[in-house]
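**Student:** Residue strings, one per chain:
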Amino acid sequence: MELVMALAIGILFTIGVYLILSKTLLRIVLGTSLLTHGVHLLLLTMAGLKKGAAPVLGKEDTYVDPLPQALILTSIVISFGVTAFYFVLAYRSYQSLGTDDIDSIKEAKE
Amino acid sequence: MLHIVILLPFLLSVLMLLIRQTTRFHPGWFVLPLPAVLFLYFLLKISAVRAGEPIIDTIAWMPSFGVDITLILDGLSLIFVLLITGMGALVVLYSIYYLDKQTEGIRRFYVYLLMFMGAMLGVVLSDNLIILYGFWELTSISSFLLIAFWYGRERSGYGAVKSMLITVFGGLAMFAGFNLLYVMTGTYSIREIIQLAGTFTDNAMFIPAMLLILLGAFTKSAQFPFHIWLPDAMEAPTPVSAYLHSATMVKAGIYLVARLTPVFAGQSEWFWLVSVTGLFTLIYGSFKAIRQTDLKALLAYSTISQLGLIMSLFGLGSAAGFFAGRQDAVFYTMATAAALFHLINHAVFKGSLFMVVGIIDHETGTRDLRKLGGLMSLMPVTFSVALMGAFSMAGLPPFSGFLSKEMFFTSVLNIREFDILNAGFWLQLFAVVAWIASVFTFVYSMILVFKTFGGKLQKDKLDKVPHEAPVGLLLSPVILVSLTLVFAFFPELVSLPLVEPAMASIHTGLLAPEAPFEVSIHFWHGWTPEIFMTLGVIASGLLLYKGYTRLRVLDREARGRNTLNRVYDASLQLLERGSRRITDAYMTGSNRHYLLYIFSFIIVSLLAVLLREPGIRFGMAQYAELSFYELAAIAVMLMAAFAVPFAKSRVNAILFTGGVGYMVTLLFVLFRAPDLALTQMIIETVSVILFLLCFRYLPKLKQQKEKLSFKLPNLIIALGVGVTVTLVALAAMGSSPFEPISEYFLKESYNLAGGKNVVNVILVDFRGFDTLFEIMVLGIASLGIYGLINLRMEEDQRQPLQRDTRLAVPLRSNDVILKTMSKGIIIIILVFSFYLFFAGHNHPGGGFIGALMTSAALVLMTIAFGMDQVRKAFPVNYRALTAAGLLLAILTASGSFPFGAPFLSHAFGHFHFPILGDVELATAVLFDLGVYLAVVGVAMNIILTIGGDKRWNS
Numbered sequence: 001m002e003l004v005m006a007l008a009i010g011i012l013f014t015i016g017v018y019l020i021l022s023k024t025l026l027r028i029v030l031g032t033s034l035l036t037h038g039v040h041l042l043l044l045t046m047a048g049l050k051k052g053a054a055p056v057l058g059k060e061d062t063y064v065d066p067l068p069q070a071l072i073l074t075s076i077v078i079s080f081g082v083t084a085f086y087f088v089l090a091y092r093s094y095q096s097l098g099t100d101d102i103d104s105i106k107e108a109k110e
Numbered sequence: 001m002l003h004i005v006i007l008l009p010f011l012l013s014v015l016m017l018l019i020r021q022t023t024r025f026h027p028g029w030f031v032l033p034l035p036a037v038l039f040l041y042f043l044l045k046i047s048a049v050r051a052g053e054p055i056i057d058t059i060a061w062m063p064s065f066g067v068d069i070t071l072i073l074d075g076l077s078l079i080f081v082l083l084i085t086g087m088g089a090l091v092v093l094y095s096i097y098y099l100d101k102q103t104e105g106i107r108r109f110y111v112y113l114l115m116f117m118g119a120m121l122g123v124v125l126s127d128n129l130i131i132l133y134g135f136w137e138l139t140s141i142s143s144f145l146l147i148a149f150w151y152g153r154e155r156s157g158y159g160a161v162k163s164m165l166i167t168v169f170g171g172l173a174m175f176a177g178f179n180l181l182y183v184m185t186g187t188y189s190i191r192e193i194i195q196l197a198g199t200f201t202d203n204a205m206f207i208p209a210m211l212l213i214l215l216g217a218f219t220k221s222a223q224f225p226f227h228i229w230l231p232d233a234m235e236a237p238t239p240v241s242a243y244l245h246s247a248t249m250v251k252a253g254i255y256l257v258a259r260l261t262p263v264f265a266g267q268s269e270w271f272w273l274v275s276v277t278g279l280f281t282l283i284y285g286s287f288k289a290i291r292q293t294d295l296k297a298l299l300a301y302s303t304i305s306q307l308g309l310i311m312s313l314f315g316l317g318s319a320a321g322f323f324a325g326r327q328d329a330v331f332y333t334m335a336t337a338a339a340l341f342h343l344i345n346h347a348v349f350k351g352s353l354f355m356v357v358g359i360i361d362h363e364t365g366t367r368d369l370r371k372l373g374g375l376m377s378l379m380p381v382t383f384s385v386a387l388m389g390a391f392s393m394a395g396l397p398p399f400s401g402f403l404s405k406e407m408f409f410t411s412v413l414n415i416r417e418f419d420i421l422n423a424g425f426w427l428q429l430f431a432v433v434a435w436i437a438s439v440f441t442f443v444y445s446m447i448l449v450f451k452t453f454g455g456k457l458q459k460d461k462l463d464k465v466p467h468e469a470p471v472g473l474l475l476s477p478v479i480l481v482s483l484t485l486v487f488a489f490f491p492e493l494v495s496l497p498l499v500e501p502a503m504a505s506i507h508t509g510l511l512a513p514e515a516p517f518e519v520s521i522h523f524w525h526g527w528t529p530e531i532f533m534t535l536g537v538i539a540s541g542l543l544l545y546k547g548y549t550r551l552r553v554l555d556r557e558a559r560g561r562n563t564l565n566r567v568y569d570a571s572l573q574l575l576e577r578g579s580r581r582i583t584d585a586y587m588t589g590s591n592r593h594y595l596l597y598i599f600s601f602i603i604v605s606l607l608a609v610l611l612r613e614p615g616i617r618f619g620m621a622q623y624a625e626l627s628f629y630e631l632a633a634i635a636v637m638l639m640a641a642f643a644v645p646f647a648k649s650r651v652n653a654i655l656f657t658g659g660v661g662y663m664v665t666l667l668f669v670l671f672r673a674p675d676l677a678l679t680q681m682i683i684e685t686v687s688v689i690l691f692l693l694c695f696r697y698l699p700k701l702k703q704q705k706e707k708l709s710f711k712l713p714n715l716i717i718a719l720g721v722g723v724t725v726t727l728v729a730l731a732a733m734g735s736s737p738f739e740p741i742s743e744y745f746l747k748e749s750y751n752l753a754g755g756k757n758v759v760n761v762i763l764v765d766f767r768g769f770d771t772l773f774e775i776m777v778l779g780i781a782s783l784g785i786y787g788l789i790n791l792r793m794e795e796d797q798r799q800p801l802q803r804d805t806r807l808a809v810p811l812r813s814n815d816v817i818l819k820t821m822s823k824g825i826i827i828i829i830l831v832f833s834f835y836l837f838f839a840g841h842n843h844p845g846g847g848f849i850g851a852l853m854t855s856a857a858l859v860l861m862t863i864a865f866g867m868d869q870v871r872k873a874f875p876v877n878y879r880a881l882t883a884a885g886l887l888l889a890i891l892t893a894s895g896s897f898p899f900g901a902p903f904l905s906h907a908f909g910h911f912h913f914p915i916l917g918d919v920e921l922a923t924a925v926l927f928d929l930g931v932y933l934a935v936v937g938v939a940m941n942i943i944l945t946i947g948g949d950k951r952w953n954s
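Chains as they are written, first to last, in full-length UniProt numbering: chain A, 1 to 110; chain B, 1 to 954.
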């Protein structure tokens with residue numbers, strides 16, 4: 001399971017980075033989204049998967065590691081805020097500069 | 001007390017900034033008392049220092065790094081502090097008459113000057129090498145500021161930058177040397193290093209440390225080939241030249257050599273480097289001085305030459321270190337005594353000469369030797385001062401310069417008997433070089449006096465009619481030059497209180513403790529070789545001077561810049577161009593390039609650690625089993641992810657990304673993370689709506705038609721990152737060197753925080769700080785969005801954007817079914833969101849999730865009934881709501897203060913209520929309520945801001 005996850009995470013990172021390196025703002029924002037998903041799964045996988053019950057205390061003896069989950073929860077919400085900001089930035093720059101191509105934005109600025 | 005002494009000039013310099021520039025009072029009068037009082041203070045300390053009781057003051061600063069502000073006033077420091085304060089007082093007095101009180105930036109002048117004075121006192125009083133270094137660089141900076149005092153002039157800027165670059169370069173090298181000393185000895189204290197002297201000479205770092213420190217000393221003291229900054233530093237106002245660039249700052253390097261002599265004396269490298277550099281600088285500087293046409297340039301080269309003389313004497317004196325504990329040693333310490341004596345003499349005569357040149361410049365408007373002449377009768381007092389100063393410099397009786405020149409000759413003659421290094425021939429040469437340099441010195445001293453004051457007055461070449469300077473201007477040089485007479489006839493005034501204690505601090509451990517150095521300086525020694533050497537100097541000097549006049553050396557146009565300066569200029573230009581080219585090559589302004597660097601760095605650094613660190617294992621012994629559902633979820637997730645780069649339209653790309661998000665949600669469920677799954681699901685939904693809101697006006701996705709040369713590096717880097725991260729994931733599973741803290745959280749969650757949902761407890765209690773800052777970040781992001789949309793810095797001139805109707809997301813739907821359905825659904829979602837919020841502490845849920853759920857309900861309402869309807873139904877200012885939430889969270893967190901508990905301590909208890917039964921109440925719930933309000937505020941603010949942008953509805 002963990003092996004498969006490690007591979008899947010690698011693939012998510014690959015696609016995310018590839019998109020971030022492209023020229024269109026939309027692709028870049030989506031790339032960061034994919035990258036964030038990869039990071040979350042990476043955090044979760046690092047702690048080991050399915051080692052016990054969900055970390056809501058009850059009758060079970062073992063629970064999965066709650067710390068990565070708390071980290072990820074924070075990260076999800078933060079990345080929502082950051083992504084929203086990206087969107088608006090992209091939208092506004094398109095509105096004022098008339099392009100969503102990174103290189104053209106540079107030219108328009110100059 | 002010594003700390004206050006150093007602090008006073010800095011304090012006064014701050015005060016100088018505060019006083020108003022009045023027309024009645026010259027600001028120099030405010031400054032003058034300080035150096036004068038300090039001078040008296042140090043004079044009073046002479047007896048204590050002479051008695052062998054140095055004054056030591058310590059303030060601990062960074063004891064764990066071995067850096068304490070320890071100040072010591074011993075014999076060597078005493079000479080320097082007296083020079084700094086004494087010359088300081090005279091220079092300030094002189095400057096009051098030299099610089100008019102209306103001069104622009106006159107206060108600035110004194111601010112810098114005081115800054116320098118404090119820094120220089122710090123250099124010579126510090127016992128700690130780090131503190132010394134700090135003050136050392138501060139003198140470089142204040143020198144830079146003073147040279148550039150008239151910053152409008154191009155030459156001033158050039159000279160200031162040059163001096164700064166060279167001395168700071170040397171200072172950095174010296175700093176490295178200091179640290180090598182620290183590595184070898186484990187202390188930054190000079191006293192302690194001296195106590196360890198001799199125990200670490202075999203260390204491989206010993207010679208590098210010596211070379212680096214000498215680099216600092218040589219650059220500061222303008223030794224060849226680093227002397228080139230000093231002539232250009234003459235652009236500074238003349239009081240500065242007299243003070244910094246002849247009497248004090250340039251002697252800092254000499255001070256350092258003298259101070260560290262106990263550490264390095266007795267090393268042949270030290271002996272050769274210091275004495276040969278000094279001698280070469282001596283003869284080079286004196287030769288160059290002859291060729292100058294500008295009086296200040298002449299004095300600059302003369303200073304270089306004299307600094308070389310003093311430096312070489314300290315080198316010769318270090319020969320005594322070879323005979324530690326033997327009587328022979330005293331024979332060679334003569335050179336050190338000569339160095340110290342000449343140090344004082346040089347400050348005295350050179351200071352007066354600089355002031356004379358200032359006066360000439362002031363009264364005639366020029367310093368050019370070709371225009372000057374015949375001032376003898378017009379300026380008799382100035383002439384007498386110049387004559388005495390120059391004769392002292394030339395080493396003629398009856399001036400103090402004669403005595404130190406004789407001692408210099410004695411020292412170079414003595415060194416011939418130094419047989420340890422088997423270099424008899426070279427040592428013979430020392431005396432020859434010294435003698436030739438003295439002839440040159442004689443010649444330029446004569447030029448200085450007789451080309452200026454002798455000959456005929458050339459009225460047509462002068463801008464104004466020269467006359468004698470005012471008394472105030474003459475006061476300082478007259479005092480200084482009379483000292484050369486006093487010291488000549490009463491050398492014991494200097495030798496007993498100053499030179500002997502300084503000798504004791506330079507040659508520590510050479511003699512038995514109870515045997516003090518005895519320095520006796522006499523005017524007349526009888527018909528010794530030295531006196532014949534002096535006679536020879538006078539004879540050849542006179543001949544040379546005659547020949548020089550006949551050959552009219554000065555009338556030939558100077559060759560312009562010399563070779564060393566050209567090397568400096570060219571290398572500076574090369575560095576500037578080179579760094580510009582390198583920077584331009586990689587700072588392209590393209591985001592993509594920067595990201596490429598970052599990702600490449602991640603790959604290289606992480607892979608290097610992973611592959612080379614021995615303790616890292618990949619993978620684990622036992623993997624969790626793989627079920628069909630998981631495999632299916634992963635497969636769908638990857639397929640959706642693969643589809644994103646190939647998507648032909650925006651909507652597809654956005655939906656594919658959303659698909660990935662939903663599959664991640666599914667994985668969270670499978671991996672037993674209910675809170676995550678809930679959060680991710682709602683976030684994903686809201687995000688997709690946001691995406692669609694934002695991008696419906698963007699142009700259609702262009703088919704990526706980039707060349708392979710664009711795509712291939714991207715692909716390689718992306719693959720590299722992917723592989724690296726996979727390896728990181730495997731390595732993280734395989735190696736876990738630390739006990740995870742999670743066990744603690746699981747065990748104590750209920751006992752300490754009264755919550756069964758460990759993830760929620762971590763968020764609101766154990767790691768409450770993280771959460772607090774997180775909602776702040778969110779609040780900032782939402783305000784940023786609000787600002788971006790609503791604040792228009794400039795009116796947009798463009799046409800409203802074409803609306804792409806085909807893809808419009810209905811914000812005001814006419815769909816009856818949607819409207820009817822959502823009425824019920826919204827209520828259900830809202831109720832569920834409240835349940836999630838309250839259940840949070842013990843079951844999946846919590847403030848975040850509840851808030852996001854509430855927002856989802858509101859978003860649905862927006863879609864079904866339109867923006868205005870929502871505004872009517874919930875007339876809430878969401879930015880204020882965010883603020884209220886933040887405030888509530890902070891108040892709850894600080895509510896623990898009255899109970900004496902730290903920030904964010906929570907309390908909880910179980911209460912019995914009539915209908916609800918046993919209810920557990922925790923202050924953590926209040927904190928969570930703050931989170932809830934803040935997140936609802938943020939989410940709704942973002943949605944409504946974007947949706948409410950007027951352009952949408954145009």
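Hints in this document: simulated from the structure, not taken from any laboratory. There's no promise every hint is true.
[As the list claims (entries may be wrong)] Subject to a maximum C-alpha distance of 30 Å in a straight line, what follows is the list of computed DSSO-like cross-link-like pairs (lysine-lysine):
{"hint": "1", "chain 1": "A", "residue 1": "Lys23", "chain 2": "B", "residue 2": "Lys711"}
{"hint": "2", "chain 1": "B", "residue 1": "Lys747", "chain 2": "A", "residue 2": "Lys23"}
{"hint": "3", "chain 1": "B", "residue 1": "Lys756", "chain 2": "A", "residue 2": "Lys59"}
{"hint": "4", "chain 1": "A", "residue 1": "Lys50", "chain 2": "B", "residue 2": "Lys747"}
{"hint": "5", "chain 1": "B", "residue 1": "Lys101", "chain 2": "A", "residue 2": "Lys50"}
{"hint": "6", "chain 1": "A", "residue 1": "Lys51", "chain 2": "B", "residue 2": "Lys756"}
{"hint": "7", "chain 1": "B", "residue 1": "Lys648", "chain 2": "A", "residue 2": "Lys59"}
{"hint": "8", "chain 1": "B", "residue 1": "Lys707", "chain 2": "A", "residue 2": "Lys23"}
Please read all numbers here as calculations on a predicted model, not as lab measurements.
**Student:** I'd like to know which numbered hints this structure contradicts. Please list them from smallest to largest.
**Tutor:** 2, 5 and 7
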